[in-house]
Amino acid sequence: MMLKLKFAIIALLIVSTQDVMAQSKTIKGVVTDPAGVPLPGASINVQGSKNSASTDFDGNYALQGVSATDKITFSYVGLTSQTITVGDQTVINIKLAESAQTLNEVVVAYGTQKRAKVTGAISTVSSKDIVAVPITNAESALQGRAAGVTVVNGAPGTSPVVKIRGLATMNNSDPLYVVDGVLVGNLSGLNPSDIESMSVLKDASTTALYGAKAFNGVIMVTTKKGKKGPGQLTFSSYVGAQTVTKRYDVLNTQQYLQYAQDAFNQDLIARAAEFGNINTNWQDEIFQTGLMQDYNLSFSNGSENSTSRYSAGYLKQIGSVIGTGFERYSFRSNNTQNIGKLTVGSSIGVSFNKTNPERNSGGRTLLEHAIKMAPYIPVYNAENLGGYGGVIKDIDGTNDAENPVRVAKNGYQEIIGTSIIGNIFAELELYKGLKFRSQVSLDYYQNRDHTFVPGFYEGTNFQNYSSTAEINSQGQTIVFDNSLTYKTTIGEKHNIEVLGVISKIENKSRNVTAGSRNHISNDIDQLSITDPTLTSANFETNNLGYVVRLNYDYADKYLLAVSGRRDGSSRFGSNNRYGNFYSLALGWNIAKESFMNGSVFSTLKLRGTIGTTGNDKIDDYRYSSNLNNNYTYPFNGQAGLGTTSGSVANPDLKWESKKDRNIGLDFGLFDEKFTGSIEYFNNKSSDILFAVPLAASTGAPGGTQFQNIADVQVRGFEISLGYNDRQGDFTWSAIANLGTSKNEVLFLAPTVRNQVLGPVPRAGLENFSRLEVGQPLFYFYGYQTNGIYQNQAEVNAALGSTQTVYKPGDIRFVDRNGDQVINSDDKTNLGNPYPDFNYGLNLNAAYKNLDFNCFISGVQGNDIFNANKFDLESMDRLFGASTDVLGRSIVTGNVVTNPSATLPRAGGVSQNAGSASERYIEDGSYTRLKNVTLGYTFSGDSFSKYFSKVRFYLSGQNLVTITNYSGLDPEITRGTDGTSASAGIDLGRYPQPKSVIFGFEVSF
Amino acid sequence: MRKKIKYIVVVLSGILAINSCDTKDLELTNPNALSPDTFFKTENQVQSSVNAAYANLQTRGLYARHIFFALDLMSAENQGNGGLEGNKKPFANFSFDASSDIIQYYWEACFLGIAKANFVLDNEEKIQALPNSVLTQEKKNKFLGEAHFLRAYYYFLLVPRFGDLPIYTTQTIDGAARSPKEEVYKLITDDFDFASKNLLSKDVEEKGRATKEAAFAYLGKALLYQKKYDEALAAFNKVTGFTLEPKGQFYNNFMDETEHGPESIFEIEYDEALGVGDKWGSDTSGEGKAESTLRGQEYGNLDWYNVFPTDDLLDEYEAGDLRFGDTFYVPGSKYNNGANTMTAANFGNGTRRAGWKKYQNYYKRVSELQQSSINFKVMRYSDVLLMKAECENQRTGGSQTAAIAYIKEVRDRAGLTTNIPATKDDVFNAIIHERKVELAGEQVRFDDLIRWGLAAEELKDKGFQVGKSELWPIPNRETSSNPNIKPSDNNPGY
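Protein chains in written order, with the numbering used here: chain A, -3 to 1000; chain B, 115 to 608.
Calculated from the structure, these hints are not laboratory results.
Treat the hints loosely; a few may be bogus.
Claimed, not checked - So, partial list: chain A residues that the calculated Cβ filter (under 10 Å) puts toward chain B:
1. ASP521
2. ASP616
3. GLY695
As the list claims (entries may be wrong) - As a list, the in silico BS3-like pairs of lysine-lysine whose alpha-carbon atoms are at most 27 Å apart:
4. B:LYS522 / B:LYS352
5. B:LYS138 / A:LYS500
6. A:LYS110 / A:LYS428
7. A:LYS504 / B:LYS254
8. B:LYS576 / A:LYS803
9. B:LYS253 / B:LYS155
10. A:LYS221 / A:LYS312
11. A:LYS803 / B:LYS522
12. A:LYS428 / A:LYS124
13. A:LYS113 / A:LYS24
14. B:LYS138 / A:LYS613
15. B:LYS582 / A:LYS650
16. B:LYS155 / B:LYS321
17. B:LYS254 / B:LYS155
18. A:LYS803 / B:LYS574
What the hints assert, rightly or not - To give an idea of the chain A side of the interface with chain B (calculated C-beta under 7 Å), a few residues:
19. GLY227
20. TYR617
21. GLY638
22. ASN763
In this text, a Cβ means the ideal position worked out from N, Cα and C, and glycines have one as well.
Looking at chain A on its own, in the form it has when it is part of the complex (with noise of 0.2 Å):
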């Protein structure tokens, strides 16, 4: 009671009670968006009152009944609404400026939705965003920009790695991908100017219309459009350039001699001299100067019942590492039509695009040859087949270290890529508020991944023959929905939405993958049957979803929405082929209810969720055993074929299963000047799918068998905020976010406890990562070290006298156990690779037609183990190394001379080097300017004669990097042939360039 008095004696206060006699007039005028182009279909609304128009084709409205004291709203959809008292005004024209705020309506599964009804943990990103700044795949506009969701970019063409909320899973952790509704694999054929919003779905209320498929989240990506209104033709475009200025440290080579003399006996002075004492640096030999350019040319327009939009876009980058590349061509075709009561539509994106990746050999990359290879090395040498200097004695380095440069451009590989994403509708209203939809959309994809290697010789790496290879894959999915939807309002505050779908998935794919050698000439890179390879295999995979959602609300006020969806997959047995999923949300509008009547607060929302969603990410035919006939052994001379069993089949697989709790809290200030959200959200995955390590001694098919055997918890908050502001033509505005998140192992089946699994870095290093329960995944595990044993004093105090391994100059690996030896007994936490949180900050402003744009985004408190300190300081074999081998300890006498050494012996016992320790260990956290945009927008009359819109804009990326991390780039990508065992792993990969572009973009 006390409270309700309260809050009225607060509303008395704060609603300044008006009562100025009201004299009805009409007021005109025209509606238009920032460029001045007239807005059809904006809305005019009195406020706290039901009077209210819209404009017309040409953006003309007509209000009537007005008095002076009358506050108007214009608003449209992604434009920020403005509000305007009438005073003695009849004819008043708006020009509404971009929204800084997210869009009004949010594509959600299955359709839109008011940001205010929504209940779910949603992040969008506009066009204006992603436009913004340039990228070259669609998946960057969402780094920094949406809390919890982290983008990791790897080499031209590749697909960035996405994560939203964490690693829930040991298998692929990869989003869904939802185009106009079009399930599809990536977005790499997807033109990033092309898209008119992104939606991440974070949270199962959300997802858990997509079932099996939504574990990892959804992002939804909705293609522009055309508009109502004259036609429109835009053209844009950027050029710039990238460079990768970091570099290892590494021995020069007069420093690699004298290691070479002093580490390992090695007299090289001669040998050094042959080559005529020059000097590679083999890492500034593989990178760069990479450039880009972007064109991108589009035309819209609409008339009352049709609209339609076609852009082609081309784009091409030569990477900063040598011998990569990316090339696309992109077309899209978007139309609707609306006929009485139907309306169809389609939306066609076709791609081609050419990929030159990041090549390796021998199973390492080209940074890791780049460090390894002898600096008195030459790059070239023509009297070589193929032209390329290289190792041509052991001394040199064994075969281990190939000249990179040979690597990356002795031949080539392409891969070919064709695209096609599209979809075809028809949505019908049988009666009022009752919608049939039906649905079919395609996405089809082609790659042909051709790779020539021409003979060569560079001493002890050769190749006597030239070498073909190809790829060929191709793949489609064709989606069938069918949807009912009823709308309606009862007794003006009920408002119900009922959805219902019945979905059909169809997955096929093939590949063919043949090989073969010319021994006779380098001139031809065409397969051919001289020593082939030939392999085929087809894949099939179906699903069938039943899907149904109840959206209920009481006045705005109170909202409800319940979904669920039964989904059958053939990647599973009959025992467990289905499963069920769902969804309950709840939502309180606050700031709708009366007692907040003029309330500073806009926005106050509370929002709650429960929900589950399913992974099927799983290989096909998982649950049925069979035979591996590719053995091969010779009798008589010839290839005796051998078969035997292939797979230790599961017939009890079952999904993946995640749920998901959210609770949510939105907020906006001084009429949404000040914006923000809060979000917490704790989600259980069950029964993970993992192949589980079999005893090795039962010689078991593969090592492994898939089984359901974990649990994982990943929990955190996020926190968005908005600010901005207006002061004349100075408009600005902040939008800051920040996830946290944290993982943690609850259960683990007794077979897979205190695994350590993961990938083996280098040859000779074992691997770290760890399943334990009450850890995160895959965390990293190995020894803790203690300096450097001085003396043999100290060896023996350790150690005991009795052992000769470990000598003075060997490292001090902590003997936790105590027992004088080390084993994995003596491993422990190392850390975590997973920071403990990410965050973005965009600032925007504009001060009349100049635009600026600043984007920060970071990590924090992640760990990372750098492989690449194997290649620089395990002194292993002689190789090249980092500058700090010179200042390794030195034993003489056996006692350590230089007691400040912190790398040990060179030479030393083996566990130096091959031991997982926290000297590969490193905090990953870093901060980086992502992008600073300058921008001019020319106006005025002259202009716009001839053009509505032409900005000029200068853009750099990557420029600041804050970190101690000391690889090349703390943004580390996984491999090709990464799980999700491989997080935090920096295995020497493309690392992130800097980048300055200059762009503009004309409206006609």
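Chain B: place on chain A using the hints.
Chain B alone, transformed into the frame defined by chain A:
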């Protein structure tokens, strides 16, 4: 009304279209692989199941790479050069532990082979049920015999390295506990015995397959390792139809063109021409085309030269021993069909005395080209002769004179005179010497030293620890994945 009907038809047809593709679509079978349910129907299929079990012999875990490195270093026949990789170095000073990838690969390659042999034997009923018109009884027996032979062969690679072992006689995914090595030897002897009774003779069998004679030779060797000298001798005596390569042609045992010669009883087969695409990929499974070994590349003094023969081994050869020049290259040796001559610079810039010739391709080319087709003659008749000599010398009532006669046969071929006093000790010492030089670099010496109890003395400067270094540790990969073998169950000292 007409309109309404139209709408209803549209909606219903949409729904029907989906439900007509009924849930049968969710039941798919893998079109890319054979199903076990339909296998073992033809001779080719039975033979193919046996073939697969041979493939593990070729893996990098065994004869393609690691077995010769590990054992020749442990026996101090080799020493490491600067390029020797970190995972191989520990075998030179017995510092390996349970995390060694080489030990893991060795373990897994053997047990994968055992599982494949068991795959054949598990389907014995299906094989026996095939009508004789499809597969004769003789062939049924011999295919089963090959499976028994291979299972025993892999266990016989394992038991000297690890001691007590988990025993599997059927395919399973449940890890077994370790059984005493006596039980493992029982299985080995039973399997070789079965094989000796069912395999075909070398005169009719395809080259590369296990034969009756090979089964007897290995049965004898397994019995010898158990010090059952009389039984061993009886088995060796059934190894008939072999002679030594003649004097002056000892090197025929180590070349590609002279494989399956008169002295060869069992070989590990390699043939580059059949495919080498997976030579770097096959650590344990034997999958794919990996029909070459890295022996030549790794040992060759013109190539990686990762190891070199020790002075101790080089000095063991008597003056005039013809085998020295067929076993090692030294400065002045001819190679490449006599066209080239080795110089001191070819041996670590003059820092090394010799490099290996046995199993190198230099006899016909100048580089190893990272692949070799030369088969390993893992059971030679000279080995059988020397083992027979040992049986005679050791067995109760054995004849030293008979033993000396066997040794003499081997020494005659080497161009040496034989003058051994007919006492047990003298004969034993002669056998120690003769096996060391005859079988150098063939991975028999370390096992010999262990079973003779000489390792402690011979390897004391190499870091050999009595009570520990006799056995390898069970690899971590096993103790972490087999609930019945815990890290605490590991061999002493690990």
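Results of checking the hints against the structure:
1. ASP521: violated (19 Å)
2. ASP616: holds (7 Å)
3. GLY695: At about 3 Å, which falls below the 10 Å cut-off, the nearest Cβ of chain B leaves the hint on GLY695 of chain A intact, so it holds.
4. B:LYS522 / B:LYS352: This hinted pair holds, its Cα atoms lying about 20 Å apart.
5. B:LYS138 / A:LYS500: Satisfied, since the Cα-Cα distance of roughly 13 Å is no more than 27 Å.
6. A:LYS110 / A:LYS428: holds (20 Å)
7. A:LYS504 / B:LYS254: Distance ~42 Å between LYS504 of chain A and LYS254 of chain B Cα, so the pair is violated.
8. B:LYS576 / A:LYS803: Status holds; Cα separation ~15 Å.
9. B:LYS253 / B:LYS155: holds (14 Å)
10. A:LYS221 / A:LYS312: holds (25 Å)
11. A:LYS803 / B:LYS522: With Cα atoms ~47 Å apart, LYS803 of chain A and LYS522 of chain B exceed 27 Å; violated.
12. A:LYS428 / A:LYS124: violated (35 Å)
13. A:LYS113 / A:LYS24: violated (31 Å)
14. B:LYS138 / A:LYS613: Holds - the C-alpha atoms of LYS613 of chain A and LYS138 of chain B are around 21 Å apart, at most 27 Å.
15. B:LYS582 / A:LYS650: At roughly 46 Å apart (the allowed maximum being 27 Å), LYS650 of chain A and LYS582 of chain B break the hint.
16. B:LYS155 / B:LYS321: holds (25 Å)
17. B:LYS254 / B:LYS155: Holds. LYS254 of chain B to LYS155 of chain B sits at ~12 Å (cutoff 27 Å).
18. A:LYS803 / B:LYS574: holds (18 Å)
19. GLY227: violated (33 Å)
20. TYR617: Where the cut-off is 7 Å and the nearest Cβ of chain B is about 4 Å from TYR617 of chain A, the hint holds.
21. GLY638: holds (3 Å)
22. ASN763: violated (10 Å)
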